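**Student:** What follows is the residue order along each chain.
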Amino acid sequence: MADWKDFHQNEEEEGEQEEGDEEGGDYKITGRDSLVFLIDASKEMFIKGEDGEPSNFDMTMQCVRSVYTSKIISSHKDLVALVFYGTEQSKNPRNSFKHVYIYHDLDEPGAKRVQDVDALRGEKGAQLAAETMGSGETSLGDALWCCSNLYSDIKLRLSHKRLMIFTCRDQPHGCDSAKDRQARTKAGDLKETGVVIDLMHLLKPGGFDVSLFFCDIVSPPEDETELGLQVEPCGKLEDLKKRVRAKEQKKRAKARVTLCLGEGINVAVGIYATAVTLRKPFATKLDRQTNEPVRSKTRTFQTQTGSVLLPCALKKAQVYAKKQIVMENEEVVAMKKFDDPGIVLIGFKPMEKLKLHHHIRPSVFLYPEEDKVTGSACVFTALLKKCSERNVFALCRYTERRNQPPRFVALVPQREEADQAQIQVTPPGFNVIFLPFADDIRTLDIPHCPIASGVQVDKMKQIVSKLRFKYRNDAFENPVIQQHYRNLEALALDMMAPEDTEDLIMPKVDQMDRRLGPLVEEFKDLVYPANYNPEVKPAAKRKTADAGGGADKKPKVEMPEDELRAHVQNGTLTKLTVPVLKDACKQFGVRTTGTKKQELIDALVAKLGQ
Amino acid sequence: MARAAKAALVLCMDVGFSMSNSAPGEEPPFEQAKKVVQKFVQRQVFGECKDDLALVLFGTDATKNPLDQHDQYQNITVCRHLMLPDFELLDEIQNQIHPESQQADWLDALVVCMDVLQKETVGKKYDRLNIALLTDLSTQASPDQMDVVVENLKRDGITLQFFFPFPMEEDDSGGDWDRTGSSQPGTRKGLSREQQQGQEMVKHIMLGLDEEDGLDEIYTFRDAIEKLSMFKSIEKRPMAWPCQLTIGSSLSIRIVGYKAVTDEKLKKTWITVDAQSHQSHDVKRETVYCKDDDEESEVPRDNIIQGFRYGSDIVPFSKEDEEQMKYKHDGKCFAVLGFAKQNLVHRHQFMGTQALKVFAAKDDEHAGVALSALIQALDELQMVAIVRYAYDRRSNPQVGAAFPCIKPGKYQCLIYVQLPFMEDLHGRRFTFPSLENNKKFTPSETQLSAVDSLIDSMMLVEEDEKGEEHDTFKVHHIPNPAFQRHFQCLHHRAVTPDTPLPPVEPWLKAALERPGAVDARCQAPLAEMKKKFPLKEVEKKKQLKTSAQIFGKSSEEPDPKRAKAEEEEEEYNLADIAEGTVTSVGSVDPARDFRCLIKQKSRPFGEVCQQLTHRIEQLLGNKNTHYYMKCITCIQTFREQSVKVGNADLYNSYLQSLKTSIPNRGLQDFWDLLVQDAVTLISKDEVEGSTVSKDDANQFLVAEEKEEEAAAPVVEDTGDVDDLLDMM
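Top line first, the protein sequences correspond to chains A and B.
Sequential numbering from 1 applies to the first sequence in the numbering used here.
Sequential numbering from 1 applies to the second sequence in the numbering used here.
Warning: the hint list may mix true and false statements.
Using C-beta positions, here's what the derived DEER-type ranges look like [unchecked claim]:
(1) B:320 / A:329: 35 to 43 Å
(2) B:601 / A:303: 38 to 46 Å
(3) B:689 / A:264: 52 to 60 Å
(4) A:264 / B:301: 53 to 61 Å
(5) B:537 / A:305: 32 to 40 Å
(6) A:499 / B:343: 31 to 39 Å
I should point out that these hints are in silico values taken from the structure, not numbers from a laboratory.
Quick caveat: nothing in here was measured; it's all calculated off a predicted structure.
Even for Gly, the Cβ is constructed at its ideal location relative to N, Cα and C.
With these hints in hand, go ahead and build the complete structure from the sequences.
**Tutor:** Structure follows, in structure tokens:
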């Protein structure tokens, strides 16, 4: 059984490490990511759309909330701040900036903060905002300055700093050019310190003209071809969320290695993990008295002498054929080394040689690192283009880290694609598919496979067509993780009960049945004989057939009552087999709910033991 | 669980004197045969194979076998009786098998082996009995017993394998076994009469046992060594996972799933032992918990509870509560959620570490038909089933895709792979700058054609004359090199304990490289590529500069020292910043940057001062109290550093010129602040080189009031910063 389980501890640990563990490349992450939401709180933001569409402010709050909660689950160490500008009231350190309201300082988001943001949503939220903050004069310069203070007050190292401005006003200061200038200067200062400023501009009657003012505020696009400024403002929550999501996270290479095409042709590439199995986090150990986290210290002792053993006083061993084979720790590590980290091109194969079921782990993504080796992007682009045109993949040998054995991988070309809104949906680069070795493939005894007839297949086709839907990879939440966080949220906020989670990977049976209508019965009539029930084991069925009809049950040897009572008295019921016990239960009219041996015995003892 | 198949094997090796003969430069057949035996036994030992093994030597000086009587069956030794192979046997092979000086009849040796198999298998059950005979056939064997031998082999169901130092000779009936490679060294055209005769006998025996494929079981030593070099890891019996595929509430199909492909790990893990005693029970690991404060006082185990992070909150959450509140489900399940187009489910989105093959339940014809209908329907519509999959009640449910897989004439099945959850993708939908639309990176036509010819030369799948495809590099036929290396090292250490580990075996190295033919073919196109695409490694130094130009990005730099620092200890530290991260005076904290730059001494003092004064002028331009405060800090720092360095001139002259410009620029508020903080000139008392006396310095701020009136006629606010700077 254990053979089948793929949730063993080792893997979990590996998954944990994956993000932090950058051994392979020379690229280290040494700080926290930070994100400041700078949100316009002017009256215009609260105007509701036609047909009861949510106001820009409401939409923004929903967006902020979704960022908060996803940060809590996926990257709780990131710092987030929520600041409003154009408010009547002011709230910032020493209140030195007027009309700037710091709702949340730059900090890790927690349960309380999610609740705070929730309170700002909807009709009531607008009211609350009006009461606490109000709408007043606007000085984006002050607001930006205030934000820059947020950054400088932080005592942690920040690796990535981003500031997102949400507004529906393209000329926040009207015609006050002094204020405009101040804002520009301040934005310049911020950008100079490495803060990336994005504009999430929202719908405005008459259109939002970025060129009037904001084009000087936001950070220039990553490269000349990037579309950078979205010309169209966001009108829909989904679009806004998408846009925020695209900007919100810094893409970060898992490793930077060389892709070696041949002697002396080394292309620098970054390796990105585009999907990593998120598991329920490990528990933190706390001190019962203070609820503070404790630190664990592990020491290794010599059992005989009680002295502490340093790593050098330890060795590793494995036993084969009763013989213990001992190695030094370093040898165990060095044994795994074949190559230095990197990707080595072996050759090319047509795409159809990539077998669908040859899957052993999630793929990673490859993109050139022009700033490490100039010319990389050009070779990479040429390779990508040609592989894609000729429908081939590159077969490579890939060593992820030092002292790690190689794996063969298929580099599958992926051309860039954008949606109607010009937002990139698939980035250009190679997907790296890990290929199995001979050891990873199991030989199966292929059972006999009957073939369905055309009529049967056609009926199934109708069923399939009825249940068609458009698959999106982000459509399914992990119910285990969601439940876990809802529980934590409930506990953290002293809620009576956790919010309900919808299990999205549960089949919506009723809907399916309704859609299918009579098709299921029709299909069953075509493939199953009248007396066939797939829910029961066929073993019983086969027996009937063998017995040649008539006698449907094996004559049972009933156990004499006194013999059974003797067993009960002597406590020897355990010697009997489960079927015998079951029969005995039936015989004495004992009703059991369980089918486990102990449950049956307990039931019998309860009945006969009196 | 089905009983694992078990076999009884006898290895029968010729150690007679002719086995030591070899052409100069060639490995004697004896050594080759010994290697075959050795590798084979190794494989059995590390595979933890349950097969029993016996070893019979012939051509030995001594005679030791149960059939030894009346001068029959001489010079044959049963070296090891039928039992599980172990390291003792490996030791014996390594140290006790030597070339000896006698010769023995190989047919006699075969009979001794048969005797071993017959007598020593009594009362045990084996699925297979096999004898492997390694000899050069140099001894005259008496053919009169041959037919009796064949009869007995047949009767007892014993199979035979022969290993020779040379390939079998071509012969009309020989069919296709020239693949043993006649061009190999070790081929000796001039086989002796005995050997030729021997070959005929072997053929006779093998064809007698199996008319069709009998000769397939004849190998050369060289082939055998190559094949046996591969350690075969323990074969795992696929476990059946019976379940029901459901579509809606009333349609279910009985299925059985098998793990078909998975990231296999070695089963055995390393145990930690004491370096001296080599005993694992001498080592004990102990974990203690302590408060996360300076005292690190220990917290008793009973006082430890568990909690989880919810963002910044840590929520105490007992195991019991967690168990009670956690997500629960109904267990085993393979339920269709719906059907989707195959092209929406991308290969690179597959998650998990395995692929399952799903068949209809065994011996259930109706389930087979129903599943076949589904498979064919999906295949024809180019669709997949999106399913909820749960292995059992204890394991987490997954969402995945079931693809149709049809091998015409062989089988049909569904292939299940896990797909991502929304959470798995969070923060990972990166956007990357466009490549093909970027003019800087657009490859030219000649560059593209260079890539084209590279691909041509490096195709691993080739068509032969008959139009048949040959894949010259099948990854799924290569053994995992990690396992191979692991066993190679273990074996080495077990047999020769005190020597360092050997290098990776050449065959394994070769198996991981580009095939020779492809490698030869691609050299010219590669050279062309090299010419067409200039690649230049960016110097480390420059890289440091680009990323450090902007102070804020400094933390992204590779910093090996920092790598191991705990994230909790990210405490901001001035000394760190000083380590080559600040390259210019920025506007956020100019004073700090200035200090760092001075400390670094990477730039001339004057230049750094100029940068600072430039910033101060910029900040003053804003005419805003916030900026004034910053400027004062800057000036204070400027003063403090100048005193430290012992250079008062730059500071003094800047402050003097600043003072004169105050009225013109309407900076009176600022000056008042400066006066308040008593930031004045650097006097002789502080720095020797200063031309300002202490009194002058004190007067500097006071005298200002009078001067103000004098300078009253206001000149236009030119905001001309350059004048001031030029004085520096």
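**Student:** Please go over all the hints and tell whether each is borne out by the structure.
**Tutor:** Hints versus structure:
1. B:320 / A:329: 35 to 43 Å: 39 Å, holds
2. B:601 / A:303: 38 to 46 Å: Given range 38 to 46 Å: violated, Cβ gap about 56 Å.
3. B:689 / A:264: 52 to 60 Å: The hint (52 to 60 Å, Cβ to Cβ) holds, given that residue 689 of chain B and residue 264 of chain A are roughly 57 Å apart.
4. A:264 / B:301: 53 to 61 Å: At 59 Å between Cβs, range holds.
5. B:537 / A:305: 32 to 40 Å: 53 Å, violated
6. A:499 / B:343: 31 to 39 Å: Since the Cβ atoms of residue 499 of chain A and residue 343 of chain B sit about 36 Å apart, the hinted range of 31 to 39 Å holds.
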